[in-house]
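S.K.: For reference, the chains in residue letters:
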Amino acid sequence: MTAKIKPSQGSPYARILGVGGYRPTRVVGNDEILKHIDSSDEWIRSRSGIATRHWAGPEETVAMMSVEASGKAIAAAGIDPAQIDAVIVSTVSHFKQTPAIATEIADRVGAGKPAAFDISAGCAGFGYGLTLAKGLIVEGSAEYALVIGVERLSDLTDLEDRATAFLFGDGAGAVVVGPAQEPAIGPTVWGSEGDKAEAIKQTESWEIYRGRTDVSDVRYPAITQEGQAVFRWAVFEMAKVAQEALDRAGVRADDLDVFIPHQANMRIIDSMVKTLGLPEHVTVARDVATTGNTSAASIPLAMERLLATGQAKSGDTALVIGFGAGLAYAATVVTLP
Amino acid sequence: MAATEAEITEGLAEIVNEIAGIPTEDVKSEKSFTDDLDVDSLSMVEVVVAAEERFDVKIPDDDVKNLKTVGDAVSYILKHQD
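Respectively, the protein sequence lines represent chains F and S. In terms of the numbering used here, the first sequence opens at residue 241 and continues consecutively. In terms of the numbering used here, the second sequence opens at residue 39 and continues consecutively.
Hints were generated in silico from the structure; no laboratory data involved. The C-beta atom is built at its ideal place from N, Cα and C for all residues, glycine as well. Treat the hints with care, since some could be wrong.
[What the hints assert, rightly or not] For lysine-lysine, the following BS3-like pairs were computed, each having C-alpha atoms within a straight-line distance of at most 25 angstroms:
no.	chain 1	residue 1	chain 2	residue 2
1	F	LYS275	F	LYS312
2	S	LYS69	S	LYS96
3	S	LYS96	S	LYS66
4	S	LYS96	S	LYS106
5	S	LYS117	S	LYS96
6	F	LYS436	S	LYS66
7	F	LYS441	S	LYS103
8	S	LYS117	F	LYS514
9	S	LYS96	F	LYS480
10	F	LYS514	F	LYS553
11	F	LYS353	F	LYS312
12	S	LYS106	S	LYS117
13	S	LYS69	S	LYS103
14	F	LYS436	S	LYS103
15	F	LYS353	F	LYS336
[Unchecked claim] Which chain F residues face chain S? A few, computed with CB under 10 angstroms, are given here:
no.	residue
16	GLN442
17	THR443
18	THR464
19	PHE499
20	ILE508
21	PRO519
22	GLU520
23	THR523
24	VAL524
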């Protein structure tokens with residue numbers, strides 16, 4: 241017989257309750273990058289807006305950075321870590337795929353025995369994780385979820401590639417998502433364009449090392465991208481996605497306080513702001529200048545810094561959009577914690 | 039109606055002025071976008087997208103790298119516009 245199954249019972253809405261970040265202690269200036277490439281500080285700044293980035297040391301693992309960021313997010317949310325029912329980690333730079341690093345992080349933050357898994361959505365990863373968390377909370381599979389974006393992109397950086405050597409940074413950003421009585425995370429506009437998957441990619445599969453004892457001729461895998469194609473897509477296609485996220489949330493640009501795009505490159509951010517025609521009063525996250533591009537970690541890291549420095553405040557309305565490898569993207573409007 | 043060569047040159051001059059701040063009278067056929075007009079590879083994408091909208095033409099990424107001078111862009115648009 242087909243038995244009657246009880247429906248799960250979730251919260252009517254979800255919201256971000258707390259955010260935390262971890263930036264590695266070592267700050268790397270453009271002078272250090274210039275030891276390996278023929279370029280200049282002026283060129284790097286004019287093409288990317290990046291002056292410094294943080295690169296992780298041996299102790300600053302994906303797990304360690306995640307635990308540090310999560311601890312701050314949990315404290316800011318004011319919950320007991322044992323209340324967390326789901327841990328979602330977005331990363332492309334944790335090199336041991338099994339088990340999911342989310343399980344170790346969940347244990348180390350004191351979350352007990354939550355559902356824990358990793359996702360791979362590149363620079364869109366934070367938005368993907370946030371959307372999953374919201375879904376779990378509204379559907380009833382979790383009351384509180386921890387979403388982490390974490391990268392050690394210095395491990396996937398070709399120091400001799402003058403187009404990307406200066407671009408990437410390391411770090412972790414985390415948010416606690418929980419139940420709410422009012423909508424505080426809007427509809428997500430997300431998707432992927434697999435026909436453009438070659439535009440941002442890892443140069444080689446790890447398979448290149450299989451069965452080899454001499455790897456002296458193998459160039460270690462790194463992230464590479466087609467700069468102009470990515471710039472065009474990121475600015476002009478993503479501006480449409482950002483606008484759609486505003487429209488679907490029923491929020492006018494005039495009502496917006498903060499814009500937190502993925503911190504890919506200052507030129508993309510500037511051009512996107514122009515294309516979107518955002519009003520002057522909107523605070524724009526420009527964390528890329530001192531953090532570099534940290535992929536899935538960039539949005540929560542930028543959010544944390546805006547709140548910590550008083551450039552944004554709790555209750556502000558923010559448009560967030562992540563975009564990158566895939567080419568995958570996710571945009572939504574949120575109320576800041 | 040398709041734009042003439044003179045109209046395209048004038049339109050491109052206005053676009054380059056808007057994006058790179060170069061006086062329109064300096065945007066001449068033989069000028070190189072990167073070497074003479076302060077249009078780097080990323081600004082070039084902005085120029086291309088603005089030109090696409092203005093002249094109702096598609097300029098794929100693979101073709102952008104062949105547009106070295108203002109004259110290259112004018113010829114491309116003349117040939118590909120509807």
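S.K.: Against each hint, give a clear statement of whether it holds in the structure.
M.R.: Status of each hint after checking the structure:
no., hint, verdict
1, F:LYS275 with F:LYS312, "violated (35 angstroms)"
2, S:LYS69 with S:LYS96, "holds (22 angstroms)"
3, S:LYS96 with S:LYS66, "holds (22 angstroms)"
4, S:LYS96 with S:LYS106, "holds (17 angstroms)"
5, S:LYS117 with S:LYS96, "holds (11 angstroms)"
6, F:LYS436 with S:LYS66, "violated (35 angstroms)"
7, F:LYS441 with S:LYS103, "holds (21 angstroms)"
8, S:LYS117 with F:LYS514, "violated (30 angstroms)"
9, S:LYS96 with F:LYS480, "holds (18 angstroms)"
10, F:LYS514 with F:LYS553, "holds (24 angstroms)"
11, F:LYS353 with F:LYS312, "holds (20 angstroms)"
12, S:LYS106 with S:LYS117, "holds (16 angstroms)"
13, S:LYS69 with S:LYS103, "holds (15 angstroms)"
14, F:LYS436 with S:LYS103, "holds (18 angstroms)"
15, F:LYS353 with F:LYS336, "holds (21 angstroms)"
16, GLN442, "violated (21 angstroms)"
17, THR443, "violated (19 angstroms)"
18, THR464, "violated (15 angstroms)"
19, PHE499, "violated (19 angstroms)"
20, ILE508, "holds (8 angstroms)"
21, PRO519, "violated (20 angstroms)"
22, GLU520, "violated (19 angstroms)"
23, THR523, "violated (24 angstroms)"
24, VAL524, "violated (18 angstroms)"
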